[in-house]
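Student: Model the full assembly from the supplied sequences, consistent with the hints where possible.
Just so you know, the protein sequences line up as chains A and B, in that order.
So the first sequence is residues 1 to 630, counted in our numbering.
So the second sequence is residues 1 to 630, counted in our numbering.
Watch out, some of these pointers could steer you wrong.
Since the list gives no way to pick out one identical chain from another, each pair is judged satisfied if it fits inside one copy or across any two copies.
[As the list claims (entries may be wrong)] 20 Å max Cα-Cα, derived SDA-like pairs, lysine to any residue:
{"id": "1", "residue 1": "K84", "residue 2": "G128"}
{"id": "2", "residue 1": "K625", "residue 2": "P249"}
{"id": "3", "residue 1": "K483", "residue 2": "A469"}
{"id": "4", "residue 1": "K76", "residue 2": "L559"}
{"id": "5", "residue 1": "K186", "residue 2": "H157"}
{"id": "6", "residue 1": "K84", "residue 2": "D560"}
{"id": "7", "residue 1": "K510", "residue 2": "D243"}
{"id": "8", "residue 1": "K510", "residue 2": "E452"}
{"id": "9", "residue 1": "K625", "residue 2": "E45"}
{"id": "10", "residue 1": "K76", "residue 2": "L555"}
{"id": "11", "residue 1": "K84", "residue 2": "L555"}
{"id": "12", "residue 1": "K483", "residue 2": "D243"}
{"id": "13", "residue 1": "K173", "residue 2": "D201"}
{"id": "14", "residue 1": "K538", "residue 2": "N440"}
{"id": "15", "residue 1": "K84", "residue 2": "A556"}
{"id": "16", "residue 1": "K483", "residue 2": "H208"}
{"id": "17", "residue 1": "K76", "residue 2": "H563"}
{"id": "18", "residue 1": "K564", "residue 2": "R80"}
{"id": "19", "residue 1": "K625", "residue 2": "S42"}
{"id": "20", "residue 1": "K84", "residue 2": "H563"}
{"id": "21", "residue 1": "K510", "residue 2": "L545"}
{"id": "22", "residue 1": "K76", "residue 2": "G582"}
Note that these hints are calculated values from the structure, not bench results.
2 protein chains.
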Amino acid sequence: MHRSIATVSLSGTLPEKLEAIAAAGFDGVEIFENDLLYYSGSPREIRQMCQDLGIAITLFQPFRDFEGCRRDRLAKNLDRAERKFDLMQELNTDLVLVCSNVAQDSLSNESMLVDDLSLLAERAHTRGLRIGYEALAWGRHVNTWQQVWSIVHQANHPALGVLLDSFHTLSIKGDPSAIDQIPGDKIFFVQMADAPLLAMDVLEWSRHFRCFPGQGDFDLANFLAPIIRSGYTGPLSLEIFNDGFRAAPPRSTAADGLRSLLYLEEKTRRVLEKDPTPPAALDILFQPPKASRYAGVEFIEFAVDEPQGARLGHWLERLGFSCTGAHRSKAVKLWQQGEINIVLNAEPYSFAHGFFEVHGSSLCATAFRVKDSNAALTRARDFKGQPYRGLVGPNEREIPAVRAPDGSLIYLVEPSQPGQRIYDTDFQLQTNAKTSCGLNSIDHMAMALPAESLDNWVLFYKSLFDFEADDEVVVPDPYGLVKSRAVRSPCSSIRLPLNISESRNTAISKAVSNYRGSGVHHIAFSCDNIFEAVSRAKDAGVPLLEIPLNYYDDLAARLDFEHKFLSELAYYNVLYDRDPQGGELFHVYTEPFEDRFFFEILQRKNNYAGYGAANVAVRLASLAKLRANR
Amino acid sequence: MHRSIATVSLSGTLPEKLEAIAAAGFDGVEIFENDLLYYSGSPREIRQMCQDLGIAITLFQPFRDFEGCRRDRLAKNLDRAERKFDLMQELNTDLVLVCSNVAQDSLSNESMLVDDLSLLAERAHTRGLRIGYEALAWGRHVNTWQQVWSIVHQANHPALGVLLDSFHTLSIKGDPSAIDQIPGDKIFFVQMADAPLLAMDVLEWSRHFRCFPGQGDFDLANFLAPIIRSGYTGPLSLEIFNDGFRAAPPRSTAADGLRSLLYLEEKTRRVLEKDPTPPAALDILFQPPKASRYAGVEFIEFAVDEPQGARLGHWLERLGFSCTGAHRSKAVKLWQQGEINIVLNAEPYSFAHGFFEVHGSSLCATAFRVKDSNAALTRARDFKGQPYRGLVGPNEREIPAVRAPDGSLIYLVEPSQPGQRIYDTDFQLQTNAKTSCGLNSIDHMAMALPAESLDNWVLFYKSLFDFEADDEVVVPDPYGLVKSRAVRSPCSSIRLPLNISESRNTAISKAVSNYRGSGVHHIAFSCDNIFEAVSRAKDAGVPLLEIPLNYYDDLAARLDFEHKFLSELAYYNVLYDRDPQGGELFHVYTEPFEDRFFFEILQRKNNYAGYGAANVAVRLASLAKLRANR
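Tutor: Structure follows, in structure tokens:
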């Protein structure tokens, strides 16, 4: 597939944008007119710049308010077009986007629109140029692809074709399924944009909230599928108006853009493969190895110095973990309980293996249990993930890994028989019969991310691992709002709530500031009996986060709990949530470990699927109080 | 008027909120239930805290999904109410907000709703408590004040009354005019919220975009007027859900809240004074002196050190200003041209008269020409403005002044006869016959503000000076979006565009960061002949901001300009804009002075009223290029 992106999707000056687009691996670029108007170089210089960078100029856009204009303006409008044709020839692009007229006084007569566009197409044709006609969702008279195709079909001019934009169709709940009735060579260009579903004015939505495919809520695969069926083989181009992208560094935005197209192509391929006769053009779509099956978190690894390691070990011990092994060649300890494996790595310079500086203890690696680690790695690499192979000492196994967006490692570990597990080869194991708290597994790991990086992380997990993303949840911290969006493996064996906050003084923002970037926010362990687990942890001296009694008074008012049961909840600071299907969550938080992260112990009943969002506000208020008292 | 605010309107812990509310001068507070649930102290402790701070608890809220609930839940719901009544008695408040049921399965039968609410009212009544019933705009069956009043009227219970919230009526375009038909003593409580007009889901709009009266687009004076006519004398309370307020320091938010109520009361008073028989209750509304007439900017004053003063003076000289005076007792110089007076103050420690530190040359004072400076000062003080009286040396006149939100000074200067002007008394004047550039007056002064402070500034000018605020304009900087909202005196003799940006790397954000807060962004001088003025400035060596030729090629394509005229525009880097009414703007920018601010020279034709928003993007791109090249 020929992959392209509009300059308006990125921040920066025109040269900065073009360099970022080339670096991300795009084949082409749409030049958004304003980027050219505001640039001090000539169109010829821009053409040369693109040529040097190896990207084609796929489109010049937009040309507005032409067809059906007031008759006294038609001649002037044609003059205006000729000026832009001059410019296109200097740029060396043959295609211009003409978007449907939005002027209040524009005319609706369809045969007039056909005539106007034929006239324009003929002018273009004599100069070897072409017109792509697009329906804006808010066009005065033309706002569907069906109208555009009807006009293009009637005009029947070789230089006039259909230009499709997913946003303009899907934002007004248009049906794209019959696009495959258009001959592929009459579709001149395809623009792709996703967006979150927002009940707001379409123009505002379009101008500020578009996002890359996979970051929003549109069903883009079923938009692209009929286009591929039509035989279209032209560029697939991203045209994203997004306030965040306008402010973010262009290189990382462009890289996400390319990844989003690969993601969309794979999803579209899956749709098309279900066709009785898949189209021949299927082969132009990106084809990575299928995602492997994930089966939980095998281990997590913290980078610590020796004293931090000792302090964190002490916390783990009180939480019922046992230190069961020491690494054969490194200053690395293994702590275990149930299926949970926690590695404390105190090797100097080992943190995230030299990728970034240590600022206090941090989660530096997570290992996912995966059925086929090599296929998983190939897929990650195909999606432009950064693979990692570390130093391998004597007796150590090499584990395939890929960098998470923050540079920490995600190991891909295949299940092994007892005796052949990574711990058996790399660690000297010892059996310590300590009292467990009954913690079974890592239920979820919540991350604190810089506000602008959420979409990047979501797309990373969705594409490389084929994870799913839950809807965004907004919860109040006493000092601002927090947004949370969880990604999880298809069977929910791995769950990663990703948290951001645009307010400076929330717990999330403080964590991001402490980490100088993203970092783990809390780690939740599951258990089968919350009161047993918490009681043991409390007895062992684990500092539990205190929940106000007012919270339990409200539970009493709202629910039919017995007084004794409520007292027990309150005594152990256990929070409670219930979903509409009768699922129940019992959960308790610890105080933070050295102002970095904290632990959660939880019990899910009746397939409760969430993370206790109803209780996040009280947890944040209690954390804020704790911080204020220090 | 008894003035109140809901705890949910502010950020922080409950004690932080209560302290801020008391400090701002409110009489009372609505306790939002969640603030209580998340607080570790008991309701009795909160009651004591409020008593110590001298604020009454005016309301406990909300109690949800009661009336018309499924019959099997009614008993449980009454139990839930009794628990909350317990809590109210501990808090020592007698009024609870019951908002209309939103549950999908709630029942619509009006007589049932009357019965349910009568039952609840009777339970409250036996404990000396009262119920305020409110229609949520998104209530399942009840969503207008008319329905609420109908139900309250039928119930005819002394403990059941109407609770009004401006947002819930105005957001769904409800008509408040007949509220005066409700007996005043059947209105138990009034909540006030403004909001910008946004075409979006009402619930989302309500939860994130409410703002204080005067900061949004609602006609609140005509909402409050019929309430006052009804004879209502209870609290006027702010209930604002706003993402920005949730993150801002509670004390400044609370201060704005109180000011917004004063502003609303004055506006409401003006509406009521037009009644043939103004209501007796008119007297409970705030009554400041009427705003004075403003007639332009008398002078602006920069704080500089000696070398900065020399450099800035050199810029002014090239712009056609003459140094016409030296202060009698201070290191202060006067520069003049046309009606423009610029003071360069190089007194050590003089910057903003000790209010904040100097970080490079900054605008430290602005003087408004005003008809009655003492009335203007009284009004400013009544609206909680901070008056200022500086040190007055021999021969110096004392000028009334008030602090702007950033601590700089706004002098209030009455017009004087020649020979008796402030310059005549304070300065030793000299006549320097220099070449003027034909600049007449200060057309506008644009400010760069921290993103979160825009609403504060807008309310400051609207209330203290009775200025008007234009609609917000959004323009793209290459590194993010910029929002601009202009405030201006009623006759537009003083115009102050206020600019913010939520993106870190825009020109506005860089300016805010350079100033370590708000500061002047650019100063625009008007002239009668743009080409004459710019030509002289260019000859004198003023560095004009270079505009790309591509911009003029586009003008050529769009407009019927002669080639020669376009060449002249391009040669002098003059930007052009035209409004739909035929008004025209010609304007040119200088490069920035020491990375701080820049100057603009403009000519308005045919009553062009804007600021050239269409050209801001090209200006920002040119500025960004200039920055990048340094």
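Student: Up to 20 Å between alpha-carbons, please classify K76 paired with G582: within, between, both or neither.
Tutor: Result: close only across copies, 18 Å inter versus 67 Å intra.
Student: Classify it for me, K625 with P249: is the Cα-Cα distance of at most 20 Å met within a copy, between copies, both or neither?
Tutor: Between copies, since 16 Å is at most 20 Å while 36 Å is not.
Student: Within a copy, between copies, both or neither: which one fits K483 and D243 at a CA-CA cutoff of 20 Å?
Tutor: This pair counts as both: shortest intra-copy Cα distance 17 Å, inter-copy 12 Å.
Student: From the Cα coordinates, with 20 Å as the cut-off, is the pair K84 and D560 best called within, between, both, or neither?
Tutor: So K84 and D560 pass the 20 Å test across copies only (15 Å; inside, 72 Å).
Student: My question is about K186 and H157: at a cut-off of 20 Å on alpha-carbon distance, are they close within one copy, between copies, both, or neither?
Tutor: within (10 Å within a copy, 72 Å between copies)
Student: Checking K76 and H563: alpha-carbon separation at most 20 Å within a copy, between copies, both or neither?
Tutor: This pair counts as between: shortest inter-copy Cα distance 16 Å, intra-copy 81 Å.
Student: At most 20 Å between CA atoms: does that hold for K76 and L555 within a copy, between copies, both, or neither?
Tutor: Only across copies: K76 and L555 sit 13 Å apart there, 71 Å inside one copy, limit 20 Å.
Student: With 20 Å as the alpha-carbon cut-off, assign the pair K483 and A469 to within, between, both or neither.
Tutor: within (13 Å within a copy, 32 Å between copies)
Student: If the cutoff is 20 Å on CA atoms, where do K510 and E452 land: within, between, both or neither? Let me know, please.
Tutor: both (15 Å within a copy, 19 Å between copies)
Student: Is it within, between, both or neither when you check K76 against L559 at 20 Å Cα-Cα?
Tutor: between (72 Å within a copy, 9 Å between copies)
Student: Is it within a copy, between copies, both, or neither that the alpha carbon of K84 lies no farther than 20 Å from that of L555?
Tutor: between (67 Å within a copy, 12 Å between copies)
Student: Reference check for the pair K84 and G128, CA-CA at most 20 Å: within, between, both, or neither?
Tutor: Intra 14 Å, inter 77 Å, cutoff 20 Å: intra-copy only.
Checked against the numbered hints above, the structure breaks none of them.
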